[in-house]
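Asks: Okay, here's what each chain looks like letter by letter:
Number of protein chains: 4
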Amino acid sequence: MIILMKKGCTQKEIASIVEVLKSHGLGANLSEGQQATVIGVLGDKSKLGGVNLELMDGVEKCVPIMHSYKLASREMTPEGRTVDVGGVVIGGKRLVMMAGPCAVESEEQVREAALGVKAAGAQFLRGGAYKPRTSPYAFQGLEDEGYRILRRVGDETGLKVVSEIVSHDEIDAACKYCDMLQIGARNMQNFRLLREVGRSGKPVLLKRGIASTIEEWLDAAEYIMSEGNYNVVLCERGIRTYETATRNTLDVAAVPVVRERSCLPILIDPSHAAGKAAYVGPMALAGVAAGADGLIIEVHPNPKVAMSDAAQQLTIPAYESLTKQIAAVAAAVGREM
Amino acid sequence: MIILMKKGCTQKEIASIVEVLKSHGLGANLSEGQQATVIGVLGDKSKLGGVNLELMDGVEKCVPIMHSYKLASREMTPEGRTVDVGGVVIGGKRLVMMAGPCAVESEEQVREAALGVKAAGAQFLRGGAYKPRTSPYAFQGLEDEGYRILRRVGDETGLKVVSEIVSHDEIDAACKYCDMLQIGARNMQNFRLLREVGRSGKPVLLKRGIASTIEEWLDAAEYIMSEGNYNVVLCERGIRTYETATRNTLDVAAVPVVRERSCLPILIDPSHAAGKAAYVGPMALAGVAAGADGLIIEVHPNPKVAMSDAAQQLTIPAYESLTKQIAAVAAAVGREM
Amino acid sequence: MIILMKKGCTQKEIASIVEVLKSHGLGANLSEGQQATVIGVLGDKSKLGGVNLELMDGVEKCVPIMHSYKLASREMTPEGRTVDVGGVVIGGKRLVMMAGPCAVESEEQVREAALGVKAAGAQFLRGGAYKPRTSPYAFQGLEDEGYRILRRVGDETGLKVVSEIVSHDEIDAACKYCDMLQIGARNMQNFRLLREVGRSGKPVLLKRGIASTIEEWLDAAEYIMSEGNYNVVLCERGIRTYETATRNTLDVAAVPVVRERSCLPILIDPSHAAGKAAYVGPMALAGVAAGADGLIIEVHPNPKVAMSDAAQQLTIPAYESLTKQIAAVAAAVGREM
Amino acid sequence: MIILMKKGCTQKEIASIVEVLKSHGLGANLSEGQQATVIGVLGDKSKLGGVNLELMDGVEKCVPIMHSYKLASREMTPEGRTVDVGGVVIGGKRLVMMAGPCAVESEEQVREAALGVKAAGAQFLRGGAYKPRTSPYAFQGLEDEGYRILRRVGDETGLKVVSEIVSHDEIDAACKYCDMLQIGARNMQNFRLLREVGRSGKPVLLKRGIASTIEEWLDAAEYIMSEGNYNVVLCERGIRTYETATRNTLDVAAVPVVRERSCLPILIDPSHAAGKAAYVGPMALAGVAAGADGLIIEVHPNPKVAMSDAAQQLTIPAYESLTKQIAAVAAAVGREM
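Protein chains in written order, with the numbering used here: chain A, 1 to 337; chain B, 338 to 674; chain C, 675 to 1011; chain D, 1012 to 1348.
Honestly, the hints are just simulated from the structure, not real lab data.
Treat the hints with care, as some may be off.
Only pairs whose alpha carbons sit at most 20 Å apart, straight line, appear in this in silico PhoX-like list of lysine-lysine [said to hold, decoys possible]:
{"hint": "1", "chain 1": "B", "residue 1": "K359", "chain 2": "D", "residue 2": "K1315"}
{"hint": "2", "chain 1": "A", "residue 1": "K12", "chain 2": "C", "residue 2": "K978"}
{"hint": "3", "chain 1": "A", "residue 1": "K304", "chain 2": "C", "residue 2": "K735"}
{"hint": "4", "chain 1": "C", "residue 1": "K978", "chain 2": "B", "residue 2": "K344"}
{"hint": "5", "chain 1": "C", "residue 1": "K686", "chain 2": "C", "residue 2": "K735"}
If we strip away everything but chain A, and leave its shape as in the complex, we get:
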């Protein structure tokens, strides 16, 4: 890290900075120029803990030279990573399609959705067993029974199963029944959960927090990877802004930014970004054109009676029709489906 001091900073202020560095076991390399004084920090910045030098007296700005994430960085793995989930490779030339209902409601509902999306080329079945809901009075999911339904239907149809885990208490059950664990937007900074899924070794689909920066998201991935689990796939699902025409604002530029900074594959979730079925298609195509490694899309046999997110789930015929367009766009950008 480099610390740029303010024009006209005092010697006392400089000495204070050096004192803070030394008290954390770091060295300081002073360079007093004509325009400004610059202090180079020698040693491992992580020793600083949360000390925010930037806001100390006399400091103009601190300039980190390295990101705080290492394992998740592109620098460490310039060739990029792929994640293999039981033979389905995420991050390769072939797009990975995950689809299924928002919430697991019944075995019949899941089976109907699974058969439909399988026929349209999906490799993964998605479905919420544990549902994090804003209100305590809303439907909270079938819990473990939901995981079991997904597993049975996944086995029947040959689809891999991905489902959200909302607490580390369900890790054993989730690992038993799912092929991939999803960390939802609300838990992106539930660091305990991140560590535990890291220890589980299971592939993880890490959604971006609703108001997280890309840097914080990669730091969250680092939590999982720092426990030895490198099977992390990122998923952009829209961020919170002032615009209300859509449920969230899909940050499609996250795809090239992540590609540049990180070695991890990235999917797009157009359903939660859109909040409305009519917008899902264009946003899915945009994600693929921007270079995403796949899509996760909500599909329900009968969205009108869905127990959650009715408005944003596609019907099976709508999903089938969309996959044809996705295949065309994928081919146009050198991918396949």
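Starting from the structure of chain A, add chains B, C and D where the hints point.
Replies: Just chains B, C and D now, kept in the frame of chain A:
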């Protein structure tokens, strides 16, 4: 408009609402239900001026039944509009490509850019003559001389000219030298300027304000159209959010939302959203895949010496290469280039 | 809830809505007016689960008549609630002052801070034992040993102890050593944790999520209260916006909004909002003037060597000096300290 | 400015940066350290125009040493500035109170409001003659007749007149009838208008743009000051965020931030931030407690029949009552009313 009263609102509160409506020449249709009292507003809501009934005592919510824009709405023109700029049609099957330098710096620079983008298939030459700059000490553009350079080069190369207008004082000059007037993000709610470009009759490229909702943007288009000028093309260029990895956050969902609510064509400006050349390509392709009617991209013969926005301008070879990918994605979504 | 249909909606669209309502055990009261068709929903809306009717075909808008939270609402408890923490009442005429270091670093550090803030009139000692940190490589706190230090120092000084809990696994330890449990911004929608602290019966300080609406925050309080624990105190600590001059943007208007909608007391945390010691004072005074029931402020005996958030922690003399100003403003708005 | 190069940047990348600097008449001071290469920029950075070096290949970050504003900075005028409007000093110990209706509707309405707010101690009469409205069909104000009404009533009551100007065409009229010109949020970056009010020499009340950073706001002030008009007063009126409980989010921390970075006085407009009369009082008090130099508040003799912003305007008795509380808080922070 429908006014939903709060549960337990008083008769006095209801009477106050009715009084406000009457004082503005509107009728009220009272319906007192078991759950809530609802007041239907009879007559033209615009008579209300800025009265915000929603925040009066006893009011739970006001629900507009009609958008405040009419001419810009999809309802009024379900088949959609195209805008013809000297024979180049915006909003048809063929994508419209606008390209050129951020700022007009010299005739040589503009000519070199124009020849490059023309060869790569662009139909419009863009370039800033009047530059709105955050700091008064930054380069403010060549002003009218910039317009003249664009015109000369446009005529030489057969490219249409689009350039920004920052004040109604330049309308005569801008109309003389340009084929299309651009209203920049900072002026999207400069209502005087909107009215004047409306009166000019010239085709207008209306950029979205940096923190404007889609509804406010369509209201801004309505200002132009209400003066009789229906030749309005919208341009999404990214909105301001907390994310700093890109200059702005491209709201690619604006394409399907605008398509649903408005009859106007919409372009994508990936350059200002990205702020970095490396991200322009993926964002441009995302825009086309989402259904945009064209792109406006900053291209400079030598970005390193550009007088503004150096980092986000493409070189001519980079632009040429990108147009091939754009053509492929366009074909994949049923458009052509 | 009232559903307003779009002008020109079809009978089929209306029938679809009614079908969805019936499939969830709800009735529909149809009213077809001249301007629009309105459907009144009969029955408990929570049966709808996550069904988002607003985005179904033909629907213009859904207007909730009741908030989703009930126990946390002002309607249910018009006189407001106070929370008694071992004899210290939060929400009464007297402001409650919580102060102490960001992180527990050592018993000496905590004792020095505690003696200082106690002398300046604080009733609560704060300090982080478990620290949720963006990077896995940053200092994560002394964990249970931190709780024990706080308890010992709290007992010595007669200060109540409030400390953050980041996972339900630590509830037993936290309940044993702390007088009040803090739910941090990142965990505001960790619903499992909310339920568990609800079951614990301990007083809870619930910080607002970094990008949460006030409605979502009250829904989070409802999670705790729905388990029978009504001892919830809200804490506004700044929200994420595009502005970078401060760490977060303090939403001081949350105080009157919460006062109007909820029965719960509300504190202000100026330290996390400011991110810089120099701004903490004015923001603390603003909070008190707006009507907050107290403040939680970071105070460190020697901020320069603090292991986290160095820049935003006040020194003990600065805190002492600030409390005098706070007392003056409190008196001006009819409170006391 | 200091340019920090990426770890492992190439000599070619460094040479490119130096080339860009030279092409703009600037020198480069290369310092290749162990951790990173740093380039010091020699000369006046404004020569760079809009070149964004930060995004060029090999660049990690650019660190500005000086703000782009100079005249508006605190450094240039450490003692701060006051603005004298016909004998009323803004920025001194005494708070300045501006009040009056959102829009000028009639001479009677303005007179009634003026007499009321004058009796309650206001020094300025506010009122909108030209109203920038989102929709072209909304009431746009009485225009010049509005200015004349304000002048007549101001003269009668001994109140100074402040009113918004939306286009430089009205500068002569506005200067003739008003004592202070207001630049509204939508025009904060209407640079032509800023320059013209700068040239007029009239005191200016510069509202913060709805999504402007504090730095951009001070750059806007610099536009006015760079024309020789130093009589600029800033006004915080809330920024756009995702929260919808209030019309805008009042950034009360702007007061200490502006105080630190700028020499200009700052007022708070609680009315536009609140959007609802019930919240105006607490937000006004918060602004004063944070150190604002005054308030601008919307007051209407009969808000229910107001032609704009009905919900956020105070009645005269409510304003009178509020001023008593303001006086108490002002005294508590060492100011007077």
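Asks: Now, for every hint given, state plainly whether the structure supports it.
Replies: Cross-check of the supplied hints:
| no. | hint | verdict |
| --- | --- | --- |
| 1 | B:K359 to D:K1315 | holds, 11 Å |
| 2 | A:K12 to C:K978 | holds, 13 Å |
| 3 | A:K304 to C:K735 | holds, 16 Å |
| 4 | C:K978 to B:K344 | violated, 54 Å |
| 5 | C:K686 to C:K735 | holds, 17 Å |
Checked against the numbered hints above, the structure violates only hint 4.
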